[in-house]
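Chains as they are written, first to last, in this note's numbering: chain R, 14 to 443; chain P, 106 to 412; chain A, 102 to 272.
Among these hints, one or two may not hold up.
What the hints assert, rightly or not - Lysine-lysine pairs mimicking BS3-like chemistry, simulated, CA-CA at most 25 Å apart: (1) P:Lys-109 - A:Lys-174; (2) P:Lys-135 - A:Lys-174; (3) P:Lys-263 - P:Lys-109; (4) P:Lys-144 - A:Lys-244.
It is worth saying that the hints were derived from the structure and are not from the lab.
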Amino acid sequence: MMILIKGGHVIDPGRVNGVADVLIENGKIAAVGQGLAAPAGATVLPAGGRLVLPGFVDLHVHFREPGFEYKETIQSGTEAAVAGGFTTVCAMPNTNPVNDNQAVTEFMLERAKAAGTANLYPIGAITKRSEGKELAEIGDLRRAGCVAISDDGKPVMNSLVMRRAMEYARAFDVPVVDHCEDLHLSEGGCMNEGVISTELGLPGIPSAAEDVMVARNVSLAELTGARLHLAHISTAGSVRMVREAKARGLKVTAEACPHHFTLTEETTRGYNTHAKMNPPLRTSQDVQAIKDGLRDGTIDVIATDHAPHASQEKQQEFTEAPFGIVGLETALPLTLALVEEGVLTLESAIDKLATAPAKAFSLNAGTLAVGAPADVAIVDPHLEWEVDPSRFRSKSRNTPFAGWKVKGRVTTTIVSGRVVYELDRPGRPA
Amino acid sequence: MGLKRKDLLSLTNLSAADIALILDTADSFKEVSGREIKKVPALRGKTVVNLFFEPSTRTRTSFELAAKRLSADVINFSPSSSSVVKGETLLDTARNIEAMQADIIVLRHSSAGAAETLARGVKSSVINAGDGWHEHPTQALLDLYTIRSRGMGFSGLKVAIVGDVAHSRVARSNIFALTKLGAEVRLVGPPTMIPLHIDQLGAQVYYNLDEGLRGVHVIMMLRLQLERQGRALFPTIREYARQYGLTNERVKLAEPGAIVMHPGPINRGVEIAPDVADSLSSVILDQVANGVAVRMGILYLMSGANA
Amino acid sequence: MDAGDIARAVTRIAHEILERNKGINDLALVGIRTGGVHLAHRLVRRIHDIEGTQIPIGELDITLYRDDLSLRKDQPILRTTSVPFKISDLKVVLVDDVLFTGRTIRAAMDGLIDLGRPAEIQLAVLVDRGHRQLPIKANYIGKNIPTSRDEAIEVHLEENGEEDRVVILRA
Chain R
14 MMILIKGGHV IDPGRVNGVA DVLIENGKIA AVGQGLAAPA GATVLPAGGR LVLPGFVDLH
74 VHFREPGFEY KETIQSGTEA AVAGGFTTVC AMPNTNPVND NQAVTEFMLE RAKAAGTANL
134 YPIGAITKRS EGKELAEIGD LRRAGCVAIS DDGKPVMNSL VMRRAMEYAR AFDVPVVDHC
194 EDLHLSEGGC MNEGVISTEL GLPGIPSAAE DVMVARNVSL AELTGARLHL AHISTAGSVR
254 MVREAKARGL KVTAEACPHH FTLTEETTRG YNTHAKMNPP LRTSQDVQAI KDGLRDGTID
314 VIATDHAPHA SQEKQQEFTE APFGIVGLET ALPLTLALVE EGVLTLESAI DKLATAPAKA
374 FSLNAGTLAV GAPADVAIVD PHLEWEVDPS RFRSKSRNTP FAGWKVKGRV TTTIVSGRVV
434 YELDRPGRPA
Chain P
106 MGLKRKDLLS LTNLSAADIA LILDTADSFK EVSGREIKKV PALRGKTVVN LFFEPSTRTR
166 TSFELAAKRL SADVINFSPS SSSVVKGETL LDTARNIEAM QADIIVLRHS SAGAAETLAR
226 GVKSSVINAG DGWHEHPTQA LLDLYTIRSR GMGFSGLKVA IVGDVAHSRV ARSNIFALTK
286 LGAEVRLVGP PTMIPLHIDQ LGAQVYYNLD EGLRGVHVIM MLRLQLERQG RALFPTIREY
346 ARQYGLTNER VKLAEPGAIV MHPGPINRGV EIAPDVADSL SSVILDQVAN GVAVRMGILY
406 LMSGANA
Chain A
102 MDAGDIARAV TRIAHEILER NKGINDLALV GIRTGGVHLA HRLVRRIHDI EGTQIPIGEL
162 DITLYRDDLS LRKDQPILRT TSVPFKISDL KVVLVDDVLF TGRTIRAAMD GLIDLGRPAE
222 IQLAVLVDRG HRQLPIKANY IGKNIPTSRD EAIEVHLEEN GEEDRVVILR A
């Protein structure tokens with residue numbers, strides 16, 4: 014099957030940035046250039062006025078399968094992904110059972126294959142059952158297809174265990190991903206600790222709970238030489254430390270989430286459980302620091318931390334409701350808003366959504382280079398739309414962005430040369 | 106005219122005039138409470154549900170008595186935490202209660218914001234009877250009433266709130282109301298018990314009790330939750346009592362005629378020395394009696410809102 | 102009614118009260134807030150002029166006894182009831198400015214009985230404008246003023262900083 018994408022504005026960060034045609038053959042990028050002729054039998058997708066981009070790569074999603082299929086399945090999660098332009102997603106291991114062994118990894122890969130939309134790469138657990146005590150079978154996880162290891166959501170508190178994990182992971186050249194949170198400092202907390210938590214009487218999570226773990230992890234990365242990837246950093250302190258670590262040449266990468274560069278703790282007012290996530294929404298100074306970090310390259314990657322929860326779970330009291338929001342279907346316009354604001358160039362925004370994350374986890378994705386898998390997102394950058402959670406492909410609707418008027422939308426998503434999503438034809442692909 | 110709102114969740118969104126109206130209305134009910142027949146028919150046919158997820162005999166009885174003296178039908182409902190574990194959310198429980206045609210739901214809950222969450226989900230009026238560390242508006246209003254009934258005005262009044270401010274809903278409600286009424290609010294306690302940035306809410310912070318008490322007209326002692334010792338908020342009860350316990354010597358640092366208040370029950374010999382406790386029992390009993398009048402006033406003012 | 106009419110009516114009612122009750126023994130006056138309170142004070146003063154003795158006087162706020170409370174969206178502001186004497190076994194004269202539907206008096210009687218068990222309740226009003234909705238009748242009436250239902254009667258009194266007079270407002 015051949016597809017010729019005609020006349021779009023192609024951005025392949027670091028390689029192409031201008032009007033060009035993209036030819037897809039046999040699931041691979043066959044050619045990128047101007048005035049390409051459509052071979053016989055090729056489907057032509059006119060893309061004038063659209064952006065033609067490498068499919069986005071999300072290093073941080075929770076697809077809840079196995080174990081919590083009422084929140085999300087690999088099927089619904091990958092459909093949400095392609096609707097948001099993400100052609101590759103990395104699924105966190107906090108499923109039930111935890112993805113701490115080859116069998117769970119293989120199960121997830123099989124389900125993704127059956128779903129047949131986005132590429133899914135599991136992230137394996139660092140420790141057995143993510144209990145932070147004994148190392149999981151990291152070598153086997155790697156061989157089974159895990160692209161990174163993390164105990165996301167249950168940070169490894171024991172520094173010696175973390176050191177051993179970083180050392181051991183070097184043998185397989187696998188990045189170690191940490192959700193940086195000192196669980197003692199954050200205990201009981203459910204929003205950023207500051208004047209608003211004080212006013213609302215909610216137990217706070219101080220930014221220091223993140224900062225001390227970023228500091229520890231950077232020190233351990235320096236000690237062990239491991240590839241360290243810091244998940245969803247949210248504080249000015251984290252940005253400062255990552256900037257310094259990079260300046261010293263450590264193998265550290267960092268991601269930020271759209272909600273952390275878009276919203277502040279103010280959104281929590283009214284005990285809005287859709288503003289409850291971990292790390293929590295921080296202050297406007299922190300938001301500014303995240304933007305600065307994105308601009309100067311301290312933060313390599315934009316990831317969603319897509320964390321679906323059922324509505325009855327989010328309808329609980331604020332302190333009881335689970336942490337997390339869905340993000341796959343709103344990440345693009347929120348990132349494009351940074352371009353509008355002048356924080357990022359369009360090319361650097363696409364780099365952070367596609368190219369840089371692929372590089373961080375050494376994935377064969379995030380580029381339109383000839384021979385690369387034909388994972389493409391076609392985007393109408395001017396299309397204005399209102400976020401309506403009831404139309405999400407995700408099974409869950411927990412977003413603080415409901416009703417927001419946003420700009421920029423995916424119109425077509427192609428994975429391995431196959432159209433898996435079209436905006437005007439929202440029917441589920443067979 | 107009247108208190109134009111469906112719910113009483115927090116004192117942050119009441120105006121000084123609203124607060125004055127509640128206190129004035131409470132005056133009328135203080136008179137009713139002094140009668141031989143302590144009952145008026147104002148809430149005849151209305152149903153008040155005391156929904157208490159956290160045990161609190163004092164507040165619940167006070168609301169119950171207030172509602173009964175207004176001739177309302179009162180139901181006390183204390184769901185065990187187990188039924189919540191079974192998967193029934195707060196909202197489910199509340200909708201069930203609403204289906205029984207409850208006009209007013211009085212909610213006590215361990216989670217901050219629970220009253221607001223509930224109020225958004227039901228048509229009944231919701232009165233917050235304490236939500237986590239957030240607010241306890243009726244307690245603060247009865248404190249204000251007690252201060253006023255001692256002939257003190259609020260403008261320029263110096264009030265020291267002493268103790269575990271961080272974990273106190275009573276403190277928060279009093280801070281919000283007193284600063285709104287023009288009083289100077291001082292928060293006194295060890296830094297572990299004073300939450301971050303609370304000075305931005307208009308209060309002054311003192312870590313030294315003697316300094317905090319100097320020249321105040323009202324001393325509001327908070328109850329020390331003794332189990333917090335294990336959470337490293339203070340080293341020992343002995344040290345706490347020495348640093349932050351109220352003694353007769355320390356009372357003398359305040360303005361002559363200053364009143365000492367406590368939401369009760371007192372840990373004698375911890376936050377308050379026994380001799381002080383004995384001498385202030387009259388104010389504490391006043392607070393309890395005023396509590397019924399203030400809650401009658403609030404129930405009365407809220408009872409019109411849904412007609 | 103002008104100031105002179107009102108003064109003469111108050112004097113006459115004071116005499117009628119004394120006549121009917123054969124003096125001031127066990128007699129008390131309770132004004133209904135707010136208009137009735139001022140009239141009650143005037144009556145007490147007039148009785149004092151005649152008999153040389155001050156009889157007990159109270160002030161009654163009937164808001165909590167209104168029969169339309171549960172229908173209202175906005176609760177009326179309460180004023181304090183102050184009846185600083187035991188009313189049990191007294192002959193209590195309720196005093197109000199205008200008698201209309203009778204609902205206020207019904208509420209006042211309920212309110213009074215919650216304070217004790219009077220030997221007798223009597224009613225004195227400055228104006229009776231008719232249109233009763235309850236079987237209630239005044240013992241002492243300053244003036245009967247026939248009105249239509251859509252008219253309003255206003256009683257202005259010096260105690261409120263106005264000139265004494267009763268006016269009918271056409272709808």
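Results of checking the hints against the structure:
1. Of the supplied pair hints, the one linking P:Lys-109 and A:Lys-174 holds, its CA atoms being roughly 9 Å apart against a limit of 25 Å.
2. Annotation: proposed proximity of P:Lys-135 to A:Lys-174 holds, straight-line Cα distance about 24 Å (limit 25 Å).
3. This hinted pair does not check out: P:Lys-263 and P:Lys-109 have alpha carbons roughly 30 Å apart, beyond 25 Å.
4. At roughly 36 Å between alpha-carbon atoms, P:Lys-144 and A:Lys-244 are farther apart than 25 Å, so this suggested pair is violated.
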